[in-house]
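Going down the list, the protein sequences come from chains A and B.
Numbered by the working numbering, the letters in the first sequence go through residues 433 to 821 in order.
Numbered by the working numbering, the letters in the second sequence go through residues 1117 to 1245 in order.
One or more of the hints may lead you astray.
[What the hints assert, rightly or not] Dumping the calculated DSS-like pairs for lysine-lysine here, alpha-carbon to alpha-carbon at most 30 Å:
hint	chain 1	residue 1	chain 2	residue 2
1	B	Lys1211	A	Lys544
2	A	Lys556	B	Lys1134
3	A	Lys556	B	Lys1219
4	B	Lys1151	A	Lys787
5	A	Lys577	B	Lys1220
6	B	Lys1211	A	Lys556
7	A	Lys584	A	Lys556
8	A	Lys544	B	Lys1135
Think of the hints as simulated: they come from the structure by calculation, not from any bench.
Quick caveat: nothing in here was measured; it's all calculated off a predicted structure.
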Amino acid sequence: MWQDFNSYLLEYPSLDAAIYYFINLPLVIQIACVFIVIAFLATLFAYGSILVRRFKGGRRDRRMSVIIPRIDTLLTEHIILNEGLSENIPIDQIQLPLEEFRIPLLRSRFGKQMLIDRIVSYKKSFTGSIGALLRQLYLELELDKVSFKKMKSPKWNRKVQGMIELTDMDMSISDVNILPLTNSKNRELRAEARNAYIKLSKNEPFKFFDIVTEPLLMWDQIELFKTITTTEEISIPNFARWVTYSSNKSIVSFCLKLIVHYNQQDAAPAVMRLLENKDHVLRANAINCLGKLRYEEAEDKLVSIYSNQPLNCQIEILKALGRIDTGGHVLFLRQEFLHSSDFDIRKNAAKSLIKTTGVSQDLIRELIDTGTAENKLILKHCMNPLIKF
Amino acid sequence: MRNILIIDDNDIVQLVLKKILAKEGYSVDIAINGKEGLARIGQQPYDLIITDLMMPYANGFEIISKIRQHPMGKDTPIIIISAITNEDSVLEGFKLGANDYLKKPITGRELIIRVKRLIDAQVSRAENI
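Isolated chain A (complex conformation) (with noise of 0.2 Å):
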C-alpha cells in the first residue's frame, strides 16, 4: 500500500493528492493515522516544553549562582556584622550604604526578587536588633513596594506571594486589600489571607470571622489553629460571640475547639445554648467542648437530653460526664454500661466510670465480677492507663 502511496505521491506530488490518498483509505487506517499524528505532536510538544523548562531552569540557577552569594556578603557584611549593632545604636538611626544594594546586578526584576527571598530567609532565622535591622533595609530599599505590587496582581500565586512576603516582614495590610482575599474562592489565596490576616491585624485579628461564607476545611482550621496558637502577641476575644451569631457552622465548630484551647469559661453559657441547635454535629461538638471545659452546669441539662439525641451525641455526653467528674452521675452511666445495646455506648460509658474519681474500686469490682464476658474486657480494656480515647 505504501509502495503504492509513494508512487503516487512522485507521480503527483500536492497536498490534495494526499488527501485525496487518506480519504480513500479504510476507516480504520484514518483513525490510526491520526492517532499517530497526534501521539507525534503531543511527544513534540512535551520534549519541547522540557528542553524550555530545563533552559530556563539552567539560567536562573546560573543567574542565581552569581547573585546570592553577592546578596549574601551584602547583607552579611552591612546588616548582620552591622557596627551599629554592637555599638547598640537605635535601628532607625543606624545608616545603611543603600547604594551597595543599588548595584545593577539587583535592579533587575529578578535581582529584586532574589534580594526579598534572601531578606525574607534572614528574618525568619534571626529576631532582635538584626531582624529590625534586615525590616529597615527592605522598607529603606522600597522592596514593600515590590511586594504590594504582588498583591494587586490578577494572578493568585502572584498575591500569596506578596502577602507572604509582608507578613514575614512585619508590614502592615489595611482591611481593605486583604478582608475581601479572606473569603476567596481559591483555597490557597483564602488561607494564606487568613493567616496573614491574624499576623497582621493586631486589635481584631478575627475579624473576617464575621465575613467568612466559605466553609473552614479541617486542613484550613489545623493551619489557622497553628497561626493563632503561635503568633506572639496576638489579641484573643471572646469566641462565645460568633458562637451565638455566626451563620457558618464550620467558624462555630472551630470556635468552640479555640474555646476549649483558651479555657474560655465565659463562653460556656453561649455553648450552653448550642444544645438547642438542630444540627447535631454542632450539638456534638459543643457538648464536646463543655465536657472539656469541665464545666459541671451542664451536667444535668446533659442528661435530660440524653435519650433524645443520636448516637454521636450521646458518646460525647458520656466523655463529658467522665471529664467533668462530680460524680453526680454514676448510676447514669452504670445503667447505660450494663443495659445499652451498643458496643460503642457501654466502652464510653465504662470509660467515664473508670475515669469519675468519686466512684469506688467495689463498684469496679462488683461490675467486674457480675458482668458478662464482654463487660468484663471492656472494663478491663478501660482500665488500662496506655489506651486513650
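Add chain B to chain A, keeping to what the hints say.
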C-alpha cells in the same frame, strides 16, 4: 583560639553564625548534616557544638545522644538552635545532655553571650581539674 562546630542544614544559619562567631574570635567549622557533624567530632575536639534539631540523616536528638557517648564529645557544651518550640522537645534536648536551647528566630547578641558563657564555664572547669 576556641573551636566551635555548627551542625545545621540551613545555609543562611551556617553563614550568619559563622560570621558572627568569627567576628568574636572563634574558629568555626560547619557540618551540613548530623552524619558529617559526627564525623567531624571524631576528627578533632571542639570547645562548643551548636546544633539544629531538624536535619537530614540524623536529627538533633540523635546527634546529641551520640556526641555524649563519644569520648571526644562527652564534656563538650552543646547549644540547640531550633524552630521547634514545644516544651517536650526542649526538655528532651536537656535530658539528652544539651546545655542550652535557643529558639529560632535567634538574636545575634544573645547567641554570643550564651556561647561565651558556656565556653568560659568549660575553660574554668578544665582549669580546676
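Hint-by-hint comparison with the structure:
Distance check on the hinted pair: B:Lys1211 and A:Lys544 sit about 45 Å apart at the alpha-carbon level, beyond 30 Å; violated. Note on A:Lys556 and B:Lys1134: the hinted pairing holds, with a Cα-Cα distance of about 17 Å set against a maximum of 30 Å. Note on A:Lys556 and B:Lys1219: the hinted pairing holds, with a Cα-Cα distance of about 11 Å set against a maximum of 30 Å. For the proposed pair B:Lys1151 and A:Lys787, the alpha carbon gap of about 46 Å is over 30 Å, so the pair is violated.
In summary, the hint linking A:Lys577 to B:Lys1220 is supported, as the alpha carbons are separated by about 28 Å, within the 30 Å threshold. A C-alpha spacing of about 27 Å is found between B:Lys1211 and A:Lys556, which places the hinted pair at or below 30 Å, so the restraint holds. The straight-line distance between the Cα atoms of A:Lys584 and A:Lys556 is roughly 25 Å, inside the 30 Å bound, and the hint therefore holds. A threshold of 30 Å between alpha carbons decides the hint, and for A:Lys544 with B:Lys1135 the separation of about 24 Å falls inside it, so the pair holds.
Going through the hint list in order, the structure does not satisfy hints 1 and 4.
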